[in-house]
Amino acid sequence: MSVLLEVNELKKYFPTASGMLHAVDKISFKVESGKTLGVVGESGCGKSTLGRVVLHLLSATSGQIVFDGEDISKPSSARLHELRRNMQMVFQDPFSSLNPRQSVSEIIGEPLLIYNVCKNKEEYRERVLELMETVGLAQRYENTYPHELDGGRRQRIGIGRALALNPKFVVCDEPVSALDVSIQAQILNLMQDLQEARGLTYIFITHNLSVVKHISDDIMVMYLGEMVEKSNTKELFATQLHPYAKALLSSIPRARLDVKRDHILLRGELSSPVEPGDVCRFAQRCNYRKEICTQNAPRLEEVLPGHFAACHRVREINGL
Amino acid sequence: MVSAMHLTLALNNREMVTQMDHDLLKITNLEVLYSVDDDLVRAVNSVSLKLQDKETLGLVGETGAGKTTLALSILGIVPNPPGKVVAGSVEYEGIDLLKLSDRQLRRYRGKEIAMIFQDPMTSLNPVLTVGDQISEVIRLHNKVSQSDASSQAKNMLELVGIQSSRYGDYPHEFSGGMKQRVIIAIALACNPKLLIADEPTTALDVTIQMQILDLMNKLKKERDSAMLLITHDLGVVAEVCDSVAIMYAGEIIEQGSLKDVFEGESHPYKLGLFNSLPDIDSDVERLESIPGIAPDPTKLPKGCKFHPRCKYCTEVCVSINPEFIERTFGHFIKCWHIQPPNRGNTV
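Keeping their order, the protein sequence lines are chains A and B.
Going by the numbering used here, the first residue of the first sequence is number 1, and it counts up by one from there.
Going by the numbering used here, the first residue of the second sequence is number 1001, and it counts up by one from there.
A portion of the hints provided could be inaccurate.
Claimed, not checked - Straight-line alpha carbon distances no greater than 30 Å define the calculated DSBU-like cross-link-like pairs of lysine-lysine that follow: (1) B:Lys1259 / A:Lys260; (2) B:Lys1220 / B:Lys1026; (3) B:Lys1218 / A:Lys246.
Unchecked claim - Pair ranges (Cβ atoms, derived): (4) B:Lys1302 / A:Tyr124: 52 to 60 Å; (5) A:Arg299 / B:Val1036: 52 to 60 Å; (6) A:Gln102 / B:Val1284: 33 to 41 Å; (7) B:Ile1077 / A:His147: 22 to 30 Å; (8) B:Leu1105 / A:His147: 34 to 42 Å; (9) B:Val1036 / A:Tyr124: 33 to 41 Å; (10) B:Pro1308 / A:Arg299: 35 to 43 Å.
No lab work stands behind these hints, which were simulated from the structure alone.
Bear in mind the structure is a predicted one, so any value in this text is a computation, not a measurement.
For glycine and all other residues, C-beta sits at the position ideal for the given N, C-alpha and C.
Given only the sequences and the hints, what does the whole structure look like? Please build it.
Okay, structure coming up:
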């Protein structure tokens, strides 16, 4: 499998009155073509910022982004325009990410107009209807407006728009979290079908661990801007190395009665991402905290084959 | 006379008496309408529900199913207009709350029955300190001095895991999880017998959600409160509830103990809900989604409200709304084609 996207030491800092906010800090990963990388973490961990920086919706503070073999860390605006054909995004909120004054066909067709890919009006309309069919929107919705539709259909519009130019790579930022479960399943299935049919590569950003497990090949767990654990999905759900990943997985409310519930309760809440300093950022809430954790930051290391974690005591607490 | 009869019953069959005698809340045939423009939205349709002392009932359903409206009508706070309770009764310890005046109802609100709202960010008053907001409810319902009220409020803060030194802080100085703790402190300040919690953890991250659920479980046990927990998350239900009622299009379509609902016979909608959930304990290639969307509440279908989305639908479903049938003791299902227990790999 070829690597479609490679990110090295990516950083995104935001200046604030009280110092630099480390939204994304030294994150490196690769995504293979046709695969899905799930990014999980709680609100404020920097997962959405990461998705946006990768797509150049926000410019990186430093670091390297390689897409399809090309270094796109600092693209010219003309080059970026071209790149966007191949890199698209599906947004979280299907209520605010669609222009209320455009009809369904106008929203889905806009990328086709911007990139001038259709020879004439007939071809344009044909492409739009084809896209609507692909994402499961009946032709009768062609001229309806987003406010007339429910959340699931609106999210289908967002997906249709993202796919209009046949991209290779799509960042999905919480695409199903605003939807009810029965509709959520419809959209997840659609996204999986499209991935298979078109060989799409996804970065799937979510706080919902059950969803990320269902859809991802690899998973990266973020905490306060840093990657704390990464591995393939099966391995991660079988064994969590980092104390935060352990707590996160144990906190998922499970809709069945035949499972043991050993909740790991964390103390406190997320600390500030402003000037976090050279410490383990999770230390404050960690049940395994020792002196070293507040003295310097742990590095991400390969603890088990293909399974990375950033914790000073990772071997000790996992009996390795 | 009546009490003598109960006493005999009590001696004969304690469980029976629990069933008959300790309904803390009994909702019967409740109907709530909203009139919007020229349309009538049937938000709650002939719902009956019982809640016993100390019981935690999970009320589950998707957006627009009528869960919140049902809860609001218990406290008589359905926004009117456009909403109106048009039929039914809500008996709390034998007294029909719907028949009380606003003034009489105020004795119940916050004291006997307290409510926790979904969004901790907007349900606190931004210009009052959290301490004042807790002591306000104490002073409203008890004849206590300001200083007694504030010391009680400080105790409440400690109880929900916030240092009492933060009494004078304002809501914006707290994080989401901490705000929800403050709201729980307000709700529990007068020791209510019934707590209505409307999606109390939906706005929170999972690790914080688990802290709050743990806290609610602990306090509920310590204080012997009953709870009506409104949620769309079957996982949360499994964590905290004793029994479950599932709502669809303004009706309760299935109700029973946690075990009945999670492992017993099933309404097709409930089956669909479970199958739609990605499960961390099993692997499936594709989720089994429920086709279509929930019906427009201004144009509810005839017959069974779920029939347009149901794969077991037959002629009878289209024309006649099924009865709520007790399949096994305490397990009610409203369907013509009740499905057998499903313990397949997707449930």
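| What hints, given by number in increasing order, does this structure fail? | 4, 10
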